[in-house]
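Protein chains: 2
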Amino acid sequence: MAGLPYQALPGFRDFTPDECAVRNYLFEVWRGVARRFGFIEYETPVLEDTGLYLKKSGGELSSQLFRFEDQGGRDVTLRPEVTASLARLVAQHQRNFPKPLKWFEVGACFRYEKPQKGRGREFHQFNVDILGEAGIAADAELISLAIETMLSFGFEKEDFQVRISDRMAWLDFAKKHDIPDESTAEFLSIVDKIDRDTPENLTKKLAVFSLTPDQVRAFMADHEHASTAYRAIAQDLSARGYDGCFELDLSIVRGLAYYTGIVFEVFDRKKSMRAVAGGGRYDTLIHTISDGAVDLPATGFAMGDYVIRNLIEETPHAAILMKAWLMRNSAACDLYLVVADDAKRTEALRLLTDLRQAGIAADMGFSSAKVAKQFQAAERCGARFALVIGDEFPLLSLKVLASRTTENLSALDAVEWLKARLLEPDGPLLA
Amino acid sequence: MAGLPYQALPGFRDFTPDECAVRNYLFEVWRGVARRFGFIEYETPVLEDTGLYLKKSGGELSSQLFRFEDQGGRDVTLRPEVTASLARLVAQHQRNFPKPLKWFEVGACFRYEKPQKGRGREFHQFNVDILGEAGIAADAELISLAIETMLSFGFEKEDFQVRISDRMAWLDFAKKHDIPDESTAEFLSIVDKIDRDTPENLTKKLAVFSLTPDQVRAFMADHEHASTAYRAIAQDLSARGYDGCFELDLSIVRGLAYYTGIVFEVFDRKKSMRAVAGGGRYDTLIHTISDGAVDLPATGFAMGDYVIRNLIEETPHAAILMKAWLMRNSAACDLYLVVADDAKRTEALRLLTDLRQAGIAADMGFSSAKVAKQFQAAERCGARFALVIGDEFPLLSLKVLASRTTENLSALDAVEWLKARLLEPDGPLLA
Numbered sequence: 002m003a004g005l006p007y008q009a010l011p012g013f014r015d016f017t018p019d020e021c022a023v024r025n026y027l028f029e030v031w032r033g034v035a036r037r038f039g040f041i042e043y044e045t046p047v048l049e050d051t052g053l054y055l056k057k058s059g060g061e062l063s064s065q066l067f068r069f070e071d072q073g074g075r076d077v078t079l080r081p082e083v084t085a086s087l088a089r090l091v092a093q094h095q096r097n098f099p100k101p102l103k104w105f106e107v108g109a110c111f112r113y114e115k116p117q118k119g120r121g122r123e124f125h126q127f128n129v130d131i132l133g134e135a136g137i138a139a140d141a142e143l144i145s146l147a148i149e150t151m152l153s154f155g156f157e158k159e160d161f162q163v164r165i166s167d168r169m170a171w172l173d174f175a176k177k178h179d180i181p182d183e184s185t186a187e188f189l190s191i192v193d194k195i196d197r198d199t200p201e202n203l204t205k206k207l208a209v210f211s212l213t214p215d216q217v218r219a220f221m222a223d224h225e226h227a228s229t230a231y232r233a234i235a236q237d238l239s240a241r242g243y244d245g246c247f248e249l250d251l252s253i254v255r256g257l258a259y260y261t262g263i264v265f266e267v268f269d270r271k272k273s274m275r276a277v278a279g280g281g282r283y284d285t286l287i288h289t290i291s292d293g294a295v296d297l298p299a300t301g302f303a304m305g306d307y308v309i310r311n312l313i314e315e316t317p318h319a320a321i322l323m324k325a326w327l328m329r330n331s332a333a334c335d336l337y338l339v340v341a342d343d344a345k346r347t348e349a350l351r352l353l354t355d356l357r358q359a360g361i362a363a364d365m366g367f368s369s370a371k372v373a374k375q376f377q378a379a380e381r382c383g384a385r386f387a388l389v390i391g392d393e394f395p396l397l398s399l400k401v402l403a404s405r406t407t408e409n410l411s412a413l414d415a416v417e418w419l420k421a422r423l424l425e426p427d428g429p430l431l432a
Numbered sequence: 002m003a004g005l006p007y008q009a010l011p012g013f014r015d016f017t018p019d020e021c022a023v024r025n026y027l028f029e030v031w032r033g034v035a036r037r038f039g040f041i042e043y044e045t046p047v048l049e050d051t052g053l054y055l056k057k058s059g060g061e062l063s064s065q066l067f068r069f070e071d072q073g074g075r076d077v078t079l080r081p082e083v084t085a086s087l088a089r090l091v092a093q094h095q096r097n098f099p100k101p102l103k104w105f106e107v108g109a110c111f112r113y114e115k116p117q118k119g120r121g122r123e124f125h126q127f128n129v130d131i132l133g134e135a136g137i138a139a140d141a142e143l144i145s146l147a148i149e150t151m152l153s154f155g156f157e158k159e160d161f162q163v164r165i166s167d168r169m170a171w172l173d174f175a176k177k178h179d180i181p182d183e184s185t186a187e188f189l190s191i192v193d194k195i196d197r198d199t200p201e202n203l204t205k206k207l208a209v210f211s212l213t214p215d216q217v218r219a220f221m222a223d224h225e226h227a228s229t230a231y232r233a234i235a236q237d238l239s240a241r242g243y244d245g246c247f248e249l250d251l252s253i254v255r256g257l258a259y260y261t262g263i264v265f266e267v268f269d270r271k272k273s274m275r276a277v278a279g280g281g282r283y284d285t286l287i288h289t290i291s292d293g294a295v296d297l298p299a300t301g302f303a304m305g306d307y308v309i310r311n312l313i314e315e316t317p318h319a320a321i322l323m324k325a326w327l328m329r330n331s332a333a334c335d336l337y338l339v340v341a342d343d344a345k346r347t348e349a350l351r352l353l354t355d356l357r358q359a360g361i362a363a364d365m366g367f368s369s370a371k372v373a374k375q376f377q378a379a380e381r382c383g384a385r386f387a388l389v390i391g392d393e394f395p396l397l398s399l400k401v402l403a404s405r406t407t408e409n410l411s412a413l414d415a416v417e418w419l420k421a422r423l424l425e426p427d428g429p430l431l432a
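Protein sequences appear in the order of chains A and U. For this note's numbering, add 1 to where a residue sits in the first sequence, where the first one is 1. For this note's numbering, add 1 to where a residue sits in the second sequence, where the first one is 1.
It should be emphasised that the hints constitute simulated quantities derived from the structure, not laboratory data. Errors might be hidden in some of the hints.
Intra- or inter-copy, both count: the list cannot distinguish identical chains.
[Unchecked claim] Lysine-lysine pairs mimicking DSS-like chemistry, simulated, CA-CA at most 27 Å apart:
#, residue 1, residue 2
1, K324, K194
2, K176, K271
3, K400, K56
4, K272, K400
5, K56, K272
6, K194, K400
7, K371, K100
8, K206, K400
9, K118, K205
10, K374, K100
11, K206, K374
12, K206, K194
13, K324, K205
14, K100, K345
15, K400, K115
16, K400, K345
17, K374, K271
18, K177, K158
19, K118, K194
20, K374, K176
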């Protein structure tokens, strides 16, 4: 609305109830998949010591940080991602938990970027990590979880693809071509942008390492370079029935410096959008964050809420699933009390309380109104039933709003009667 | 752990899985009560334009703000509370929603205070508001919701008390004693601190208004001053069956300047802690926040997660309810696959996938281990069942871990067999 003095900040979202319901759908699918895979939930603060991010990423994220000095003079930052906090938390508390840890988190992150489609300054992220397991079975488990998340949103195998790569294959390549250790990060960042750079730029950058774009592209295209780790993961994923959901793609190296092994990204099949999810192995991060106090192999991935939502909305069979969920969950209440006789308002308030205490989502108007208006209010809030209380009290009548059928019942056993029909899955049906 | 370079910031909390489960319990009870009362969920950004808070509170909160300049030069603040954001959002979007709005929110807030028991720099808040209804029925509905929240946590009527007051009664008092309009806020803040001030200070402060502490205390003690609004609310709450849960307490005025009518706070009966929840009517705030563009009466309350948790833990019958919920929700998975023959690992991975796709929370180890070790892992993650896959495949055996009983089943119909027993409420039981 124009002319209002305050709006949400650029890149930040107001979740009105309809938008909040979409958010809740994403969260419920995320949590549901994680729990089916035996992961348990944790959460870290949204505000952290800035040093945590500078140390972790080698400063790569620093231009995008919501960073400030708090009233106590601390250099603090709204978290741009969760893995650094997780590493900090695990370094401190891991003794109390049997390994491996299978942990997940759902929460907000913040980056000062130019707001655009598929990217905001605030976004929600689903983080899933396995800590304390060095074997590739952990990476396969995570990739499986990423696949099942896509399937749970209603996507089919034809809609998406997990592209798997291995940083070790590139480190072998670098060693073979005499790239010095201290330049590996720079070389990987050239590979990361290989399809976005101009040919001239790319040629110039690779020339520093006495390499040509053709050499690098030939390595990427030749699947003989698939690492043993990739082959083992592919075998594991095949055993689970995921053939056709994944492939080797050595062009994936992931931007951040801390990845140490298998990395992967989930894309829509047309690759028309940014990655839906991405992650990989980071075996040295906890050691780095804890200044060497704790050493724990780790692997994980994150999925943001922006790209997945766009992809759901553009994929009819996923969109219909979301819409069905939203329909089922859109009602503000299940039963609306219609007060046909104002002299019975006291009795209505008591009945309303009893219904709510019995677990039934019930509501009624705040003031007296014509019966027809109250029925309108019942429909508007999505109620399935209207319970009419009038001058025949304690006799009540229940209207099933969809079928317009009516049943009579007594106020004396109304709560039990309704509980059996509304809350118990195998109770008597109402048409 | 000592010696680690990074910790959570002072006043911020790490939610390890056990702590996160407690948080989830509070959230689930809050959301459950709100939904039974016909409220729908919304969410606003945690970062807002600082002007929003300065305008709303008249600067009262400004010393406690996490306030900074973002990279675009904006004066921004981590929200210290949610009502200002709600007023902003409602001013912008209210046209799209039939009135009255019954909206709730669960989310994080931030205040730069000295961390202490019952108070952190980051906390979670349950916000419940009714907008577009000027009648006291809305206030009574909110107080009822506050009471039901306490009852849902397992508190009994003897454990807590809602103390209800009316700012209008104080404004009448102020007018009768010739306190000028522009000094009303100052006078109310003296009343707010009446029990915490020294007698000398209090006498001195009230003398400015030609009043004595005795005069003010006499007004507070004389329930004849109960407003018509309070009487109507008391009648409504009685009709609902809440006698004994509330009383008039004119010493409650609430700190913030924007309250316009009925205000209330929820206390433990011994009043041994800070208020568990508080709120009231704020009929002019949306008008103020929107520079007069939108005018909507409103009333609401908030409950933080610190005090309620302390109170639950110190009240045995509420604590046991929470513990029971935590027990029911603590298992990382329901069924653990024990691979007794490593040659069957491929078949185990496929079965694991099928079980998870059927909605069963299932897990297995990442690498081969002795059967006894795998059973230990099953117990550790809280599974009820261990499904053993070995050289008799496709014959499997299911162990009920609590009773140590065993049943045989075939891998061919294992998923259907287990679904009926694990997921369907009236399916065949397993001892």
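Quiz item: Any hints this thing doesn't respect? Which numbers, in order?
Solution: 1, 2, 3, 4, 5, 6, 8, 9, 11, 13, 15, 17, 18 and 20
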